[in-house]
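Those protein sequences? They're chains A and B, same order as listed.
Residues in the first sequence are numbered from 62 upward in steps of one, following the working numbering.
Residues in the second sequence are numbered from 65 upward in steps of one, following the working numbering.
Among the hints, a few may not be true.
To be verified - Cut-off 30 Å, straight-line C-alpha distance, at most; resulting in silico cross-link-like pairs (DSBU-like, lysine-lysine):
1) K158/A / K188/B
2) K185/B / K100/B
3) K144/A / K122/A
4) K154/A / K100/B
5) K158/A / K105/B
6) K158/A / K115/B
7) K101/A / K188/B
8) K113/B / K158/A
9) K185/B / K229/B
10) K234/B / K188/B
11) K229/B / K188/B
12) K137/A / K121/A
13) K105/B / K154/A
14) K188/B / K154/A
15) K110/B / K158/A
16) K212/B / K185/B
17) K110/B / K154/A
18) K234/B / K154/A
19) K212/B / K171/B
20) K158/A / K234/B
21) K100/B / K158/A
None of these hints come from the bench; they were simulated from the model.
Given the structure is predicted, the values throughout are model-derived calculations rather than measurements.
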Amino acid sequence: MRATMVFAASALLIATATGAVAASEADYKAAYAAAEAANKEAGTLRNQWTTTASTLAAAKKAGEAGDFDSAVAQAKEAEALAKASIFQATSEKERWKDMEVR
Amino acid sequence: MTRRFAIRAAIATLALGVLACAPAHAAGAVDPAADKAAFQKFFTSKFPKLKLEDFVNGPYSMNEDLHKQWEEKEQFPPYEFSLEAGKEMFSTPFKNGKTYGDCFPNKGIGIRQNYPYFDEKEGKVVTLELALNRCREANGEAPFSYVKDDMAALTAYMAFTSRGKPMDIKIPNDPRALEAYQNGKEYFYTRRGQLNFSCATCHIQSPGERIRAEVLAPALGILNAMPIYRSEWSGMGTTSRRFTTCNSQIRGVPLNPQDDEYRNLEYYLSYVSNGLPISGPGARP
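Kindly produce the complete structure, drawing on both the sequences and the hints.
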């Protein structure tokens, strides 16, 4: 019984580990394009962040070096940053009034 | 009796209606004079020992030790070389024989306090830096960088000729001017950058407090000292430099110098400092 459980746990571990397939160039390109589009949208709102730009640059550098795992991770982070800057710009359209000296 | 009651009820309903509408109208209206009064009252209440005209000295007005340092620094001010260079540049003719003075009222002397102004022909705010580069281009010269060196030298000289004159920004009765003013105000209070700071976060909420090693300047009178020599920059910087570096310090991508947002911001910030003396060129830690 105990041996069966150990076997099952090992099998699960191996299955999980092999499930994390290495990222491909196509994955990187898709992730980068999504991040770039979000940052472009932040640009139209006049609210890009420097950290989005630097993370995008890091993604590109990793992608060009063939390190697609890192490139995809950086691109996803850049996309999250860009989306946060879009949220900020949108919510501040009304929220700025809370800070006003009256 | 019933009729009298009905009349009273009607009057009361009308009065309540007027009261209910009044705040809504006031909240939506653009009222620069009321803004200026509230802005200046905020600072004079926050720092009751400070004279109104002292706010133009930025962090040096906030801290006694810094004030002593500033007094010593003013014996040999670090902006002096730039001021001398600006004076010489201002009087040196362009290739066509004209000078900067030909582009400005009163030959450009003692007019700094009137900038920025709203140009009704263009429908936009015109800053002194912008007017100087337009003057150069109109006379066949290449424009200067907006952030430092030559532009800082020229504006330093022009500010010096206005020292002590009260800031005097006009907002004409033109909806476009009011819109520019309001947009400048919105920019001032809007949080941006990854650090989620607005201009007001530092210069309204925290003047006199330290942010790392620096003492934050009050927003009131902050542009009256422009351009400034900053030890942190190891050189002179213009209003454009101040705005763009503020944006990058909070991890926001700066806009281009003299983009509409910055011109409107300068309009708003200068207007609410009306009445405070021009003290530029200044020096800052």
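Hints versus structure:
1. This hinted pair checks out: K158/A and K188/B have alpha carbons roughly 24 Å apart, not beyond 30 Å.
2. Taking the CA atoms of K185/B and K100/B, the gap is about 26 Å. The hint holds against a cut of 30 Å.
3. About 22 Å separates the Cα atoms of K144/A and K122/A, which keeps this hinted pair within 30 Å; it holds.
4. Between the alpha carbons of K154/A and K100/B the distance comes to roughly 22 Å, so the proposed pair stays at or under 30 Å and holds.
5. Annotation: proposed proximity of K158/A to K105/B holds, straight-line Cα distance about 18 Å (limit 30 Å).
6. Restraint check: the Cα-Cα separation between K158/A and K115/B comes to about 28 Å, which is no more than 30 Å; the hinted pair holds.
7. Note on K101/A and K188/B: the hinted pairing holds, with a Cα-Cα distance of about 27 Å set against a maximum of 30 Å.
8. Taken as a hint, the K113/B and K158/A pair is honoured in the structure, with Cα atoms around 29 Å apart against an allowance of 30 Å.
9. Between K185/B and K229/B the CA atoms are separated by roughly 27 Å; this keeps the pair inside 30 Å, and the hint holds.
10. The hinted pair formed by K234/B and K188/B meets the criterion: a straight-line CA distance of about 13 Å does not exceed 30 Å.
11. For the hint linking K229/B to K188/B, the alpha-carbon distance of about 25 Å falls within 30 Å, and the restraint holds.
12. The hinted pair formed by K137/A and K121/A meets the criterion: a straight-line CA distance of about 12 Å does not exceed 30 Å.
13. Straight-line distance between C-alpha atoms of K105/B and K154/A comes to about 26 Å, which keeps the hinted pair within the 30 Å bound.
14. Restraint check: the Cα-Cα separation between K188/B and K154/A comes to about 22 Å, which is no more than 30 Å; the hinted pair holds.
15. At most 30 Å may separate the alpha-carbon atoms for a hinted pair to count; K110/B and K158/A meet this at roughly 20 Å.
16. About 29 Å separates the Cα atoms of K212/B and K185/B, which keeps this hinted pair within 30 Å; it holds.
17. Taking the CA atoms of K110/B and K154/A, the gap is about 28 Å. The hint holds against a cut of 30 Å.
18. Among the hinted pairs, K234/B with K154/A is consistent with the structure: their alpha-carbon atoms are about 27 Å apart, no more than 30 Å.
19. With a C-alpha separation of about 23 Å, the suggested pairing of K212/B with K171/B holds against the 30 Å cut-off.
20. Among the hinted pairs, K158/A with K234/B is consistent with the structure: their alpha-carbon atoms are about 24 Å apart, no more than 30 Å.
21. Straight-line distance between C-alpha atoms of K100/B and K158/A comes to about 16 Å, which keeps the hinted pair within the 30 Å bound.
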